[in-house]
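Chains as they are written, first to last, in my numbering: chain W, 1 to 199; chain B, 1 to 199.
Mixed in with the good hints, there may be bad ones.
Claimed, not checked - Simulated crosslink set (DSSO-like; lysine-lysine; CA at most 27 Å straight-line):
no.	chain 1	residue 1	chain 2	residue 2
1	B	Lys72	W	Lys193
2	W	Lys105	W	Lys154
3	W	Lys72	B	Lys3
4	B	Lys46	B	Lys158
5	W	Lys3	B	Lys72
6	W	Lys105	W	Lys3
7	B	Lys193	W	Lys72
8	W	Lys46	W	Lys158
9	W	Lys112	W	Lys72
10	W	Lys46	B	Lys46
11	B	Lys154	B	Lys112
12	W	Lys193	B	Lys193
13	W	Lys193	W	Lys72
To be verified - Sample of chain W residues at the chain B side, in silico, Cβ under 10 Å:
no.	residue
14	Thr70
15	Ile86
16	Asp186
If you're looking for bench data, these hints aren't it; they were derived computationally from the structure.
Glycine included, every Cβ here is placed at the ideal spot set by N, Cα and C.
Number of protein chains: 2
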Amino acid sequence: MNKILDFYFEYSSPYGYFASTGIEALAARHDLTIRWHPILLGPMFKAMGSAPLVNIPLKGEYSRRDFQRTAKLFGIPYTHPDPFPIATVSAARATLYAREQHPEKLATLVGKLYAGFFAQGRAINETSVVLDICAESGLNRSAAESALAEDSLKALLKSEVDHALSQGVFGSPFLIIDNEPFWGFDRFDHIEKWLQATA
Amino acid sequence: MNKILDFYFEYSSPYGYFASTGIEALAARHDLTIRWHPILLGPMFKAMGSAPLVNIPLKGEYSRRDFQRTAKLFGIPYTHPDPFPIATVSAARATLYAREQHPEKLATLVGKLYAGFFAQGRAINETSVVLDICAESGLNRSAAESALAEDSLKALLKSEVDHALSQGVFGSPFLIIDNEPFWGFDRFDHIEKWLQATA
Chain W
1 MNKILDFYFE YSSPYGYFAS TGIEALAARH DLTIRWHPIL LGPMFKAMGS
51 APLVNIPLKG EYSRRDFQRT AKLFGIPYTH PDPFPIATVS AARATLYARE
101 QHPEKLATLV GKLYAGFFAQ GRAINETSVV LDICAESGLN RSAAESALAE
151 DSLKALLKSE VDHALSQGVF GSPFLIIDNE PFWGFDRFDH IEKWLQATA
Chain B
1 MNKILDFYFE YSSPYGYFAS TGIEALAARH DLTIRWHPIL LGPMFKAMGS
51 APLVNIPLKG EYSRRDFQRT AKLFGIPYTH PDPFPIATVS AARATLYARE
101 QHPEKLATLV GKLYAGFFAQ GRAINETSVV LDICAESGLN RSAAESALAE
151 DSLKALLKSE VDHALSQGVF GSPFLIIDNE PFWGFDRFDH IEKWLQATA
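Next up, chain W with everything else stripped away, as it sits in the complex:
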């Protein structure tokens, strides 16, 4: 049986975006089954007494540079968005909708939302843009629009974030394989080493 790879990601996270571009290849190399968990970092920052990376003195300036450089070194299209960071509630809800109702479109939607924001300058904080991207991913736009307005989907996102917190998730990307937590795009090579060592 395949191992499970729980993949936690926030849409306003550049490193989450970088991870999303490599997660399926990682899973394929090691026969992992991905479970996709869109999260919101706001509640996690609150738990840690922290703030978005770019708002922290010293670290913020470095981070902006590291986003661009990492993208370039790994050959990932990247244009730093403005405004940044953004609210990603609609994008996260749409992702949960796809996961629950149309799982065959899920990976495509995640890829298009991330690329929309970080490579094409699309305002995925706006629900209308998220719905456009849903349609471009093969989902029915008006069905998605109805779903996003439902209390059950709002409640699902909230419980996903609470569950993530209870699992010790505090950043994006955050990956858990067999109870082993890995934080950051820069842990992909650690994951490879770890999987080889435990295989």
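Let chain W serve as the given structure and place chain B on it in line with the hints.
Here is chain B on its own, set in the frame of chain W:
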């Protein structure tokens, strides 16, 4: 002419220790000349409104696990010290003393201080232990003891930390090559890629 690699490190930083075990090989591979900068993270945490990693909710617990795992994956001897973190003023001052007066012993001293704390359980927060390690590194113990008590060495450490802050240094390890800043042991592979791309 060789490029300069400015290497900033705090002795109470596990990732600084991991970096120290690979820094000379990195420099040798790319004809870089290392300039060693022992720093204290306290003033940087203050500037960022941050705290030692292990004291941050969620992130702290993950970090303790990541220290052990990273050491294991990279084959670096590691026993998580207790107490941790510690004050490293004496270790940093001794390192500056070696750098200024006995540069041929510097890399050895850095290696022995780090291994003393992170592999051998030695209390390098204590000046007497730092002086023992100075002696084991080929320095004269009593000359080092006198130097550590001098105001000029205290002032040098303070100015080093201030200068590091002015360069945007906020963590350990922090490396600057040709004005390009890299934060973290997990940026070593980025440095390799970056050096290859700019060679």
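Hint check:
1. Lys72/B - Lys193/W: Distance ~10 Å between Lys72/B and Lys193/W Cα, so the pair holds.
2. Lys105/W - Lys154/W: Given that 27 Å is the threshold and the Cα spacing comes to 20 Å, the pair holds.
3. Lys72/W - Lys3/B: Distance of about 22 Å is within 27 Å: holds.
4. Lys46/B - Lys158/B: Since the Cα atoms of Lys46/B and Lys158/B sit roughly 15 Å apart, the hinted pair holds (cutoff 27 Å).
5. Lys3/W - Lys72/B: Given pair Lys3/W, Lys72/B holds - Cα atoms ~22 Å apart, limit 27 Å.
6. Lys105/W - Lys3/W: Holds. Lys105/W to Lys3/W sits at ~22 Å (cutoff 27 Å).
7. Lys193/B - Lys72/W: Satisfied, since the Cα-Cα distance of roughly 10 Å is no more than 27 Å.
8. Lys46/W - Lys158/W: Since the Cα atoms of Lys46/W and Lys158/W sit roughly 15 Å apart, the hinted pair holds (cutoff 27 Å).
9. Lys112/W - Lys72/W: Cα-Cα ~19 Å, so holds.
10. Lys46/W - Lys46/B: It holds: about 19 Å lies between the C-alpha atoms, which stays within 27 Å.
11. Lys154/B - Lys112/B: Within the cut-off at roughly 22 Å; holds.
12. Lys193/W - Lys193/B: 19 Å, holds
13. Lys193/W - Lys72/W: 24 Å, holds
14. Thr70: 7 Å, holds
15. Ile86: Because about 23 Å separates Ile86/W from the closest Cβ in chain B, which is outside the 10 Å limit, the hint is violated.
16. Asp186: Holds, because the Cβ-Cβ distance from Asp186/W to chain B comes to roughly 4 Å (cut-off 10 Å).
Consistency note: the structure conflicts with earlier hint 15 alone.
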